Structures are given as structure tokens and as C-alpha cells.
Amino acid sequence: MDASASPTSPIPVDFFADPVCPWTWLTSRWILEVADRRPVKVSWHVMSLSILNENRLDDLPERIRVLMGEAWAPVRVLTAARLIHGPEVVEPLYTALGTRYHLQQQPKNRATLEAALQDAGLPVDLAAAGDTDRYDEELRASHTRGITLVGQDVGSPIIAVPGADASSDPIAFFGPVVNPAPKGEDAARLWDGLITVASTPSFYEIKRTRTGGPDFG
Numbered sequence: 001m002d003a004s005a006s007p008t009s010p011i012p013v014d015f016f017a018d019p020v021c022p023w024t025w026l027t028s029r030w031i032l033e034v035a036d037r038r039p040v041k042v043s044w045h046v047m048s049l050s051i052l053n054e055n056r057l058d059d060l061p062e063r064i065r066v067l068m069g070e071a072w073a074p075v076r077v078l079t080a081a082r083l084i085h086g087p088e089v090v091e092p093l094y095t096a097l098g099t100r101y102h103l104q105q106q107p108k109n110r111a112t113l114e115a116a117l118q119d120a121g122l123p124v125d126l127a128a129a130g131d132t133d134r135y136d137e138e139l140r141a142s143h144t145r146g147i148t149l150v151g152q153d154v155g156s157p158i159i160a161v162p163g164a165d166a167s168s169d170p171i172a173f174f175g176p177v178v179n180p181a182p183k184g185e186d187a188a189r190l191w192d193g194l195i196t197v198a199s200t201p202s203f204y205e206i207k208r209t210r211t212g213g214p215d216f217g
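The sequence shown runs 1 to 217 under this note's numbering.
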């Protein structure tokens, strides 16, 4: 697949994200840059780090265990918003949440959820979904759709594009982890390279040590 070509219709890109993850936020800003410069159409989906880690909480540091507890409400609200108002609201609400969590360093509480819903033009009473498991079946289904593409040994985000033809499996991968998020043609070149690498059936991993915390500048 050549994701830098000019097909007759945009290439569908599925982006699975948990809004509490700062590294996912950086990747999400990158994929929006890509969408401005390559013929791709991004569909936004919910995955959950709380679900991913629910059976290994005892192995996590205390601060991560606390975060996993806080992370349930945002993904439940995102799921409720998608079911009630349609898939097109996921990206605006994700962006509103990420702006408040990561750029403004607001707490992951009910007030921030309500403010983000208002930012996204959605009813603030959707925040109540964060306190119930009413939408957990669909939340888990969305999470499973993403994680099944890449396996359990990953995190947020997951990106998937169609395979080379209708009979091929999707091309999917975790990440990329970027810091700061590339902009302009740098963002597009990274996309081109990632698709080339991820399309190689024998390729699995490339990694290097992070040298600092998230750079939201």
C-alpha cells in the first residue's frame, strides 16, 4: 500500500485512543497534521488503558494505578457520546479532553468532563456516563477491535489502515511515540515511512529510549 499516493478516495485510517495518555495526545496532533497533507480520512475510536491493565494493577506503580482509576470516566463518556450523537463527535470531544488534561493540566474529574463536553458542543449531562458501567459493553468491544489488530503488548494509540487488497489483513501498529509532534511536511514524511515499514510482513519493532517528558509546545 502507498499511503502517500493520490487515490480516487482517501485512505481510511482508524485511530484508537485513550484520552488520559499524554503520548497519545502528541500522536493525535501528528495524525491531524498528516490528514492535512496526505489523502487520508481518520476515523476516531476509543480504547482503554484501564481495560488493558485491569488484570495487572498490582504490578503497576502507585501513580499509574491511580491514573487507571481516573481513566474509566473519560472513555465511558466518549463511548456514550459516540453511541448517542454519532461517531463524528469522538474527535472533537477527544480534542477537548486532551486540551484540558494535557495542555491546561486540569484534573481528571467530573468538572473537567463537563467543561470538555461543553467545548465540544455536547450536552454536559453526558458526564454522568462516567460514573456508570452502562456503556462498558460497547467500550470493551471498541477496545477489543483495536487491541486485536496488534496484540496485548502495546498501549495507546493504535493506528490501522487497510491491507494491500480486500483479502489482506489490516496494517496496524502501536504509536508512533513522537515528542514533540512533527508538523507540516515532517509529519507527512513520517507517515510515509511508517506505512512503508508497517507494510513489511516480517517487521515487528523499532524503538529507542525516550529522553524527556511530553513536549506539548
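Incorrect hints may have been included.
Claimed, not checked - Taking lysine to any residue and the SDA-like style, the derived pairs with C-alpha atoms no more than 25 Å apart in a straight line are:
no. : residue 1 : residue 2
1   : Lys41     : Arg210
2   : Lys207    : Val150
3   : Lys207    : Asp153
4   : Lys41     : Asp14
5   : Lys183    : Ser199
6   : Lys41     : Leu57
7   : Lys207    : Gly163
8   : Lys183    : Gly217
9   : Lys207    : Ser167
10  : Lys183    : Asp169
11  : Lys207    : Asp14
12  : Lys207    : Asp165
The hints are simulated quantities; they were obtained by calculation from the structure and are not laboratory data. Note that the coordinates shown come from a computational prediction; the quantities given were computed from them, not determined experimentally.
Going down the list of hints, with the structure as the test:
| no. | hint | in the structure |
| --- | --- | --- |
| 1 | Lys41 to Arg210 | violated (29 Å) |
| 2 | Lys207 to Val150 | holds (16 Å) |
| 3 | Lys207 to Asp153 | holds (14 Å) |
| 4 | Lys41 to Asp14 | holds (8 Å) |
| 5 | Lys183 to Ser199 | holds (23 Å) |
| 6 | Lys41 to Leu57 | violated (36 Å) |
| 7 | Lys207 to Gly163 | holds (24 Å) |
| 8 | Lys183 to Gly217 | holds (11 Å) |
| 9 | Lys207 to Ser167 | violated (30 Å) |
| 10 | Lys183 to Asp169 | violated (30 Å) |
| 11 | Lys207 to Asp14 | holds (22 Å) |
| 12 | Lys207 to Asp165 | violated (29 Å) |
In this structure, the hints that do not hold are numbers 1, 6, 9, 10 and 12, in rising order.
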